[in-house]
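Trainee: These are the residues of each chain, in order.
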Amino acid sequence: MNAHSADIAIEARGLVKRFGKTTALDGVDLSARKGTVLGLLGPNGAGKTTAVRCLATLIRPDAGTASVLGYDVQRDAHQVRQLIGLTGQYASVDEMLSGFNNLLMIGRLLGIPRKQAKARASELLERFGLADAATRAAKTYSGGMRRRLDLAASMVGRPAVLFLDEPTTGLDPRSRNELWAMVRGLTADGATVLLTTQYLEEADHLCHDITVIDHGTVIAAGSPDQLKARAGGQVLAVTPADPSRAADVQSLIAERTGRTPATSADSATVTVVVDDSSVVPALVRELDDKGIVVEELMLRKPSLDEVFLSLTGSVPPEPPATPAPQIAGSAL
Amino acid sequence: MTTMTPARHLSPLTGLANTFTLTWRSLLKLKTNPEDLPALVLTPIMYLVLFTYIFGGAISGNVHNYLQFELPGILVLAVIFSTLGTGQMLSQDIETGVFDRFRSLPIARWAPLFGAVLGDVARYALSVAVTLAFGILLGFRVESSPLAAAAGCLLVLVFALAMCWFSALLGLIAGSARGVQWIGSLIYFPLTFGSNVLVPTAKLPGWLQAFVKGNPMTFLTEAERGLLVGGPVETPVIRTLLWSLGLVVVFAPIAVQVYRRRT
Numbered sequence: 001m002n003a004h005s006a007d008i009a010i011e012a013r014g015l016v017k018r019f020g021k022t023t024a025l026d027g028v029d030l031s032a033r034k035g036t037v038l039g040l041l042g043p044n045g046a047g048k049t050t051a052v053r054c055l056a057t058l059i060r061p062d063a064g065t066a067s068v069l070g071y072d073v074q075r076d077a078h079q080v081r082q083l084i085g086l087t088g089q090y091a092s093v094d095e096m097l098s099g100f101n102n103l104l105m106i107g108r109l110l111g112i113p114r115k116q117a118k119a120r121a122s123e124l125l126e127r128f129g130l131a132d133a134a135t136r137a138a139k140t141y142s143g144g145m146r147r148r149l150d151l152a153a154s155m156v157g158r159p160a161v162l163f164l165d166e167p168t169t170g171l172d173p174r175s176r177n178e179l180w181a182m183v184r185g186l187t188a189d190g191a192t193v194l195l196t197t198q199y200l201e202e203a204d205h206l207c208h209d210i211t212v213i214d215h216g217t218v219i220a221a222g223s224p225d226q227l228k229a230r231a232g233g234q235v236l237a238v239t240p241a242d243p244s245r246a247a248d249v250q251s252l253i254a255e256r257t258g259r260t261p262a263t264s265a266d267s268a269t270v271t272v273v274v275d276d277s278s279v280v281p282a283l284v285r286e287l288d289d290k291g292i293v294v295e296e297l298m299l300r301k302p303s304l305d306e307v308f309l310s311l312t313g314s315v316p317p318e319p320p321a322t323p324a325p326q327i328a329g330s331a332l
Numbered sequence: 333m334t335t336m337t338p339a340r341h342l343s344p345l346t347g348l349a350n351t352f353t354l355t356w357r358s359l360l361k362l363k364t365n366p367e368d369l370p371a372l373v374l375t376p377i378m379y380l381v382l383f384t385y386i387f388g389g390a391i392s393g394n395v396h397n398y399l400q401f402e403l404p405g406i407l408v409l410a411v412i413f414s415t416l417g418t419g420q421m422l423s424q425d426i427e428t429g430v431f432d433r434f435r436s437l438p439i440a441r442w443a444p445l446f447g448a449v450l451g452d453v454a455r456y457a458l459s460v461a462v463t464l465a466f467g468i469l470l471g472f473r474v475e476s477s478p479l480a481a482a483a484g485c486l487l488v489l490v491f492a493l494a495m496c497w498f499s500a501l502l503g504l505i506a507g508s509a510r511g512v513q514w515i516g517s518l519i520y521f522p523l524t525f526g527s528n529v530l531v532p533t534a535k536l537p538g539w540l541q542a543f544v545k546g547n548p549m550t551f552l553t554e555a556e557r558g559l560l561v562g563g564p565v566e567t568p569v570i571r572t573l574l575w576s577l578g579l580v581v582v583f584a585p586i587a588v589q590v591y592r593r594r595t
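Each protein sequence line maps, in turn, to chains A and B. For the first sequence, position 222 (counting from the first letter as 1) is numbered 222 according to my numbering, and the numbering increases by one without interruption. One rule links them: number in my numbering = place in the second sequence (from 1) + 332.
Chain A with its partners taken away, still in its complex shape (with noise of 0.2 angstroms):
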């Protein structure tokens, strides 16, 4: 282990990986501290999983390296196998067994004794609400509850590194959750996390770091407060009280900025990209001179689906659903 990555759990420098003539990835760095979530985000296509891949040792990469607590995923990729945890895009449990035969399978097969393993599987199914599904086959499993016993049998070994393939992607809301707040547990016991999503309020939500990438290419990192800064300025909103008066606020909002501002179609919202602050007080004045009624101003950092908007020049896709407000004693 060199002493510099002392603190650093997972790197990758200049990954490349070629499926026959697509190139899924070219050339990928990234870095994720030890006890953080390092959020790998990115629209579909993008490369993610393909990452995810090589640095579980499941595929070989064409060119660059990979380490995982400074064992390389090629050469050391036995040893990198003892320190992760897997669960992919796909709930990969075996569906004929039932969720406590599949967990006690993995502690066998990870050389737990076969007492200390069924211990530990009927402790994951507890601690992942499936104590009472335990005896029926996965393939019985409602979506939410595969998924839990997916992440469950990722964690029979207490691994040191997780990697996360959209874990959330499928989710109900409160599943979703409950999986942040797992994820924030295993970080605070010194595990890191490295998950990957499409979704930017997760990452926002979940991540210490994000990765942005697209076309196999890393177009940004950083803490998602730097993420935002990058995407330049702040954002002001304007809402008149009187949505007919819309026009008239973006008109002056354009004329005072030099920017083309956008108007959301349902409220009426003026938004647009300021670099300078000091434009707000003689805006309100000239709303105030025009007789224009403001319900709502505001002066905010942009959000990461704005940063992602303009990294990517594609939409991002939308979250299921806002998600329910944390249920009191769900955490794990």
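Some hints here could point you the wrong way.
Here are a few chain A residues that face chain B, going by a calculated C-beta distance under 10 angstroms [stated by the list, open to error]:
(1) Arg-53
(2) Ala-56
(3) Leu-69
(4) Tyr-71
(5) Gln-79
(6) Asp-94
(7) Met-96
(8) Leu-110
(9) Gly-111
(10) Ala-137
(11) Ala-153
Computed list of lysine-lysine pairs in BS3-like fashion (alpha-carbon distance at most 25 angstroms, straight line) [as the list claims (entries may be wrong)]:
(12) A:Lys-118 to B:Lys-363
(13) A:Lys-118 to B:Lys-361
(14) B:Lys-361 to A:Lys-115
(15) A:Lys-228 to A:Lys-301
(16) B:Lys-363 to A:Lys-139
(17) B:Lys-535 to B:Lys-545
(18) A:Lys-139 to B:Lys-361
(19) A:Lys-118 to A:Lys-139
(20) A:Lys-115 to B:Lys-363
(21) A:Lys-34 to A:Lys-228
Here are the computed distance ranges between Cβ atoms for each label pair [stated by the list, open to error]:
(22) A:Arg-158 to B:Pro-366: 34 to 40 angstroms
(23) B:Pro-478 to A:Arg-158: 52 to 58 angstroms
(24) B:Trp-442 to A:Ser-122: 26 to 32 angstroms
(25) B:Trp-442 to A:Ala-119: 26 to 32 angstroms
(26) B:Pro-344 to A:Arg-75: 20 to 26 angstroms
(27) B:Asn-397 to A:Lys-118: 51 to 57 angstroms
(28) B:Phe-521 to A:Arg-75: 44 to 50 angstroms
(29) A:Ser-122 to B:Gln-589: 37 to 43 angstroms
(30) A:Ser-122 to B:Pro-344: 30 to 36 angstroms
The set of hints was computed from the structure by calculation and includes no laboratory data. Beta carbons: idealized from backbone N, C-alpha and C, even for Gly.
We have chain A; now place chain B onto it with these hints.
Mentor: Just chain B now, kept in the frame of chain A:
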């Protein structure tokens, strides 16, 4: 939290333990998915009833004589076809992502393959037991000795164990369980029926006899007839064992290699 220093190498003993765990998993499927059982049990029964009463009179003059002739062949037929299950299960594991999980674990790379193959021996044994039991119900009689009959059962299992490496390879390259089914049938039908399983070689046209005489199924069936009802034993048994060895030597390494390379 893991604080241990990970082991550099995997001991063969660990690999063996991994294999047994995965064999247990394979057997558990038989227990927890009873819907698999009817296919396993009913197929040999169907073969016996169909072939005995359709071909019996035409080939051997009467049903009892034909049953004595064909039962060893049906034994081969039933077991060989059930080896396709190995490939189907493997491709299912790949499709559903179970193999990705295995590959991310610090286990012997070959353990999932060996575990699947070993677990399937139980299925074949069931096939053999059902075929024999139902055959006896229809009037089949072992004319050799119980020991020879037991050796016959063992031999067909040995050959099946060799065949399922071919099936495993099919499972790794076919892409889906359905793919295994139809590619497998395309290969297995001519291989099994193009032998002396149901019809004595002498009754076949000359060009076909050439194929039948070189077909390993013919040797296996001859050996089974010798061990169950009498006839030459030594030569067909040796040939069958050589073929079994050959199949393992050729297909097991290829299957392991393909499995390792699969991305």
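Trainee: Evaluate each hint against the coordinates.
Mentor: Going through the hints against the structure:
Taking 10 angstroms as the C-beta cut-off, the interface hint given for A:Arg-53 holds, the closest approach to chain B being about 8 angstroms. Using the Cβ-Cβ criterion of 10 angstroms, the hint placing A:Ala-56 at the interface with chain B is satisfied: the shortest such distance is roughly 5 angstroms. Look at A:Leu-69: its Cβ gets to within about 9 angstroms of chain B, closer than 10 angstroms, so that hint holds up. Taking 10 angstroms as the C-beta contact cut-off toward chain B, the hint placing A:Tyr-71 at the interface holds, the least distance being around 7 angstroms.
Evaluation of the A:Gln-79 hint against chain B yields a held restraint, the C-beta minimum of about 4 angstroms falling below 10 angstroms. Annotation: A:Asp-94 was flagged as interfacial toward chain B, and the flag holds, the nearest CB pair being 5 angstroms apart, inside 10 angstroms. At a threshold of 10 angstroms, the smallest CB-CB gap from A:Met-96 to chain B is about 5 angstroms, leaving the interface hint in force. Checking A:Leu-110 against chain B: minimum C-beta separation of about 7 angstroms stays under 10 angstroms; hint holds.
At a threshold of 10 angstroms, the smallest CB-CB gap from A:Gly-111 to chain B is about 7 angstroms, leaving the interface hint in force. At a threshold of 10 angstroms, the smallest CB-CB gap from A:Ala-137 to chain B is about 6 angstroms, leaving the interface hint in force. For the restraint placing A:Ala-153 at the interface with chain B, the shortest Cβ-Cβ distance is roughly 7 angstroms, inside the 10 angstroms limit, so the hint holds. About 19 angstroms separates the Cα atoms of A:Lys-118 and B:Lys-363, which keeps this hinted pair within 25 angstroms; it holds.
Pair hint A:Lys-118 plus B:Lys-361 holds up; C-alpha atoms about 19 angstroms apart against a cutoff of 25 angstroms. Pair hint B:Lys-361 plus A:Lys-115 holds up; C-alpha atoms about 22 angstroms apart against a cutoff of 25 angstroms. As the CA atoms of A:Lys-228 and A:Lys-301 are separated by approximately 7 angstroms, the hinted pair is consistent with the 25 angstroms bound. Between B:Lys-363 and A:Lys-139 the CA atoms are separated by roughly 15 angstroms; this keeps the pair inside 25 angstroms, and the hint holds.
About 13 angstroms separates the Cα atoms of B:Lys-535 and B:Lys-545, which keeps this hinted pair within 25 angstroms; it holds. Our distance criterion of 25 angstroms between C-alpha atoms is met by A:Lys-139 and B:Lys-361, whose separation comes to about 12 angstroms. For the hint linking A:Lys-118 to A:Lys-139, the alpha-carbon distance of about 21 angstroms falls within 25 angstroms, and the restraint holds. Using a Cα cut-off of 25 angstroms, the hinted pair A:Lys-115 and B:Lys-363 holds, with the two alpha carbons roughly 22 angstroms apart.
Our distance criterion of 25 angstroms between C-alpha atoms is met by A:Lys-34 and A:Lys-228, whose separation comes to about 23 angstroms. Here the CB-CB span from A:Arg-158 to B:Pro-366 is close to 35 angstroms, well matched to the stated 34 to 40 angstroms. For the hinted restraint 52 to 58 angstroms between B:Pro-478 and A:Arg-158, the CB-CB distance of approximately 53 angstroms keeps it satisfied. B:Trp-442 and A:Ser-122 have their C-beta atoms about 31 angstroms apart, which keeps the hinted 26 to 32 angstroms range intact.
Checking the proposed 26 to 32 angstroms range against B:Trp-442 and A:Ala-119 shows it holds: the Cβ atoms sit about 29 angstroms from each other. A C-beta distance of roughly 21 angstroms is found between B:Pro-344 and A:Arg-75, which places it inside the suggested range of 20 to 26 angstroms. Evaluation of the 51 to 57 angstroms hint for B:Asn-397 and A:Lys-118 yields a pass: the beta carbon distance comes to about 56 angstroms. The hint said 44 to 50 angstroms for the Cβ distance between B:Phe-521 and A:Arg-75, and at roughly 47 angstroms that hint holds.
A:Ser-122 and B:Gln-589 have their C-beta atoms about 39 angstroms apart, which keeps the hinted 37 to 43 angstroms range intact. The given range of 30 to 36 angstroms is respected by A:Ser-122 and B:Pro-344, whose C-beta atoms sit roughly 31 angstroms from each other.
When the structure is compared with the earlier hints, no violation turns up for any of them.
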